[in-house]
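Engineer: If you want the building blocks of each chain, they are given just below.
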Amino acid sequence: MILAKGFGWRHAGRRAWAVRGLDLHVERGERVLLLGPSGAGKSTLLAALAGLLAADSGEREGTVEVDGRVGIVFQDPQTQIVMARAGDDVAFGLENHAVPPARIWPRVDEALARVGFPYGRDRSTTALSGGEQQRLALAGALALRPDVLLLDEPTANLDPAGADLVRDALRDALDPATTVVLVEHRVAEALPLVDRVVVLDPGGGVRADGPPDEVFATHGGRLAAEGVWVPGHPLEARRACAPPGEGLLAAEKATIRDRLAAVDLLVREGESLAILGANGRGKSTLALLLGGLLKPDSGRIAATAALAGPDAATAPHRWRAPALARRIGSVFQDPEHQFVTSTVYDELALGPRRTGLPEDAIRSTVDELLARLRLDRLAGANPYTLSGGEARRLSVATALASAPALLVLDEPTFGQDRRTWIELVALLAGLRDEGRAIVTVTHDAAFVEALADRTVPL
Amino acid sequence: MSAPLARRNPVAKVAAALVFTVALVTTLDPVPPAVAIAIELAVVPLFGVGYRTLARRAWPLLISAAGVALTMVLFAAERTGESLFHAGPVEVTTSVLSGALGLALRVVAIALPGVLVFASTDPTDLADALVQNVRAPYRFAIGALAAFRLVPLLGQEWQLLRLARRARGVDAGRNPVAAARIFVSTAFGLLVGAIRRGTRLATAMDARGFDRGGPRSQARTQRFQGADAALVIGALLLAAAVLLTGAVT
Chain Y
1 MILAKGFGWR HAGRRAWAVR GLDLHVERGE RVLLLGPSGA GKSTLLAALA
51 GLLAADSGER EGTVEVDGRV GIVFQDPQTQ IVMARAGDDV AFGLENHAVP
101 PARIWPRVDE ALARVGFPYG RDRSTTALSG GEQQRLALAG ALALRPDVLL
151 LDEPTANLDP AGADLVRDAL RDALDPATTV VLVEHRVAEA LPLVDRVVVL
201 DPGGGVRADG PPDEVFATHG GRLAAEGVWV PGHPLEARRA CAPPGEGLLA
251 AEKATIRDRL AAVDLLVREG ESLAILGANG RGKSTLALLL GGLLKPDSGR
301 IAATAALAGP DAATAPHRWR APALARRIGS VFQDPEHQFV TSTVYDELAL
351 GPRRTGLPED AIRSTVDELL ARLRLDRLAG ANPYTLSGGE ARRLSVATAL
401 ASAPALLVLD EPTFGQDRRT WIELVALLAG LRDEGRAIVT VTHDAAFVEA
451 LADRTVPL
Chain Z
1 MSAPLARRNP VAKVAAALVF TVALVTTLDP VPPAVAIAIE LAVVPLFGVG
51 YRTLARRAWP LLISAAGVAL TMVLFAAERT GESLFHAGPV EVTTSVLSGA
101 LGLALRVVAI ALPGVLVFAS TDPTDLADAL VQNVRAPYRF AIGALAAFRL
151 VPLLGQEWQL LRLARRARGV DAGRNPVAAA RIFVSTAFGL LVGAIRRGTR
201 LATAMDARGF DRGGPRSQAR TQRFQGADAA LVIGALLLAA AVLLTGAVT
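These protein sequences, in sequence, are chains Y and Z.
Residue numbering for the first sequence follows UniProt numbering, starting at 1 and increasing by one per position.
Residue numbering for the second sequence follows UniProt numbering, starting at 1 and increasing by one per position.
Here chain Y stands alone, though its shape is the one from the complex (with noise of 0.2 Å):
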């Protein structure tokens, strides 16, 4: 059981409550599906019920109280795997809680097969996909047998068939007693785990509570406005409007060993090309070559006169490395790789000093490109301080702040809210209409949809 009366909590150095005014209260065997925009405090409220708000690292205000012992799962498979062996992992969580060693490894082999894992204790973790890490991370959780599971977006950074088996596990392992709460954005595949929703709001308290059916129909519009992927709204698609022109770089039996079997392909001014493929396919080794950051091991990746002018005859791995800016932006897939200064202006400006522009033709480039990213009130900040949205929005400015007629995408969309994923989607496909060429490496069947005008499947 959970109660929460009048809670809040501020972080430590912040001016806003991160959570406040929260009322709530779960019974046993409940399974709540938590939902609210981003920066709603779904993150903190876990936390706060797992226990892990340490007392000098914020304000509290109000109670919660959880009853029972409680296990929760997080969203990063890496950080949370503690041990080198499957087997010692799911043990590490018994040896804190002091169960004694010779029923240790009975409920280990227990938690195991509750979650579907396919190997055996000995099976190295590193050698494990993100979908079997998870599933590993949640044995680890059920081998402690809480009364409460909290689930912090538990399939955000799997692809979908990673997705598929930690929601098959959630599904099969659960005991009918064990209260869960669970905070996932994507609705649609939550809906099957629960039976009630609970909905908070950014400026505190909870705006809307029961059976899913009822709040999706009074309260599901507004959400999906706010980012959370509600089911029963559908996204615009955006063709291109004309057909393509010239073809600016091509793959011409390109491989790389071990990492990407040879590839042939042509990518034409005002197309949208999608990179499809199964993990270990190399989809991103392809994106770094179509990037010019990477040397094929053989074949060749080739621009054209119309993408390079006279340096077509190199090759793009070759090139200096502001040429390669102005020809061809490269976005990676997480943000933080991509930052090199201490605020989002300078981020937004690097490109374009470099080309040798004068200072307040910068500053109108670096202005406009804030206020279409919705990050003019960010302009000071730190790039490493932005949240998920935000840090991926920054990064695709960047990569257009030195107008590349090529943009080279890498799961752009990947765990981003449904509000920046239409941003993006009509940023892209404006890039396109103006005539520029997109390359977007993905598994993302919805932005395929709405914006792949072909695919290339690896």
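Do not take every clue at face value.
Now the in silico label distances, taken between C-beta atoms and shown as ranges [unchecked claim]: (1) 116/Y with 60/Z: 41 to 47 Å; (2) 232/Y with 221/Z: 54 to 60 Å; (3) 171/Y with 122/Z: 34 to 40 Å; (4) 56/Z with 277/Y: 32 to 38 Å.
Hint data in this document are derived by calculation from the structure and do not stem from the laboratory.
Predicted model, so just to flag it, every value in this text is computed and none were measured.
Just so you know, even glycine gets a beta-carbon here, dropped at the ideal spot from N, CA and C.
Following the hints, position chain Z against chain Y.
Structural biologist: Frame of chain Y; chain Z shown alone:
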């Protein structure tokens, strides 16, 4: 089993390596380190480590030993003994050569047992043995073990950060100042990522009771047996024998 020493208690292996090498610090003579290296190479199969694996792990050690020797030859202040040859302005004498050789051999002889122990020991077993046999604090031993799991990620991350800088239009060309600045910014990016991951890992560990502070049980048992004590004593005796080879000459 063909590798009787591989299965010994990890703490015993570390202790044996320490006992064997500490003795070598006390001598400047090149003979004992050479004898020690011969012994070390001879026992490699007993640890179940292939010579090829050892060579792969030990090559940085060989390079640093060569560096030490070269530095000594070039910069040694005392150049007594018989002059052997001149390399430009550098006069190489017997004393310089034996000093340089002694030091290089010592570097290899002292470091090799460590390489051997870590090549033949599972890190989990080592952490368990530290906690169970020498009462190391488990927060330190298990915490370090978990943190080391994240180390291989740093290599991949460094590569991605470098490529991402190039994609942003940042490269140094031949300018060493720009190269240094890019290095610092890349290292900062790596640090930010490492701290974020470390924090998340610590939270996940605490969520599973790592911070409970009460008694903790052990799923795996490490025992310090007679054979382990024998290994340490054997190392001690060998070390004494090695030192004697120095005294005799």
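Engineer: Does each hint hold? Answer for all of them.
Structural biologist: Here is what the structure says about each hint:
Look at residue 116/Y against residue 60/Z: about 43 Å separates their beta carbons, and that is inside 41 to 47 Å. Between residue 232/Y and residue 221/Z the beta carbon distance is about 56 Å. The supplied range of 54 to 60 Å therefore holds. Roughly 36 Å separates the CB atoms of residue 171/Y and residue 122/Z, a value that falls within the hinted 34 to 40 Å. The hint said 32 to 38 Å for the Cβ distance between residue 56/Z and residue 277/Y, and at roughly 34 Å that hint holds.
Comparing the model with each earlier hint shows no violations; every hint is respected.
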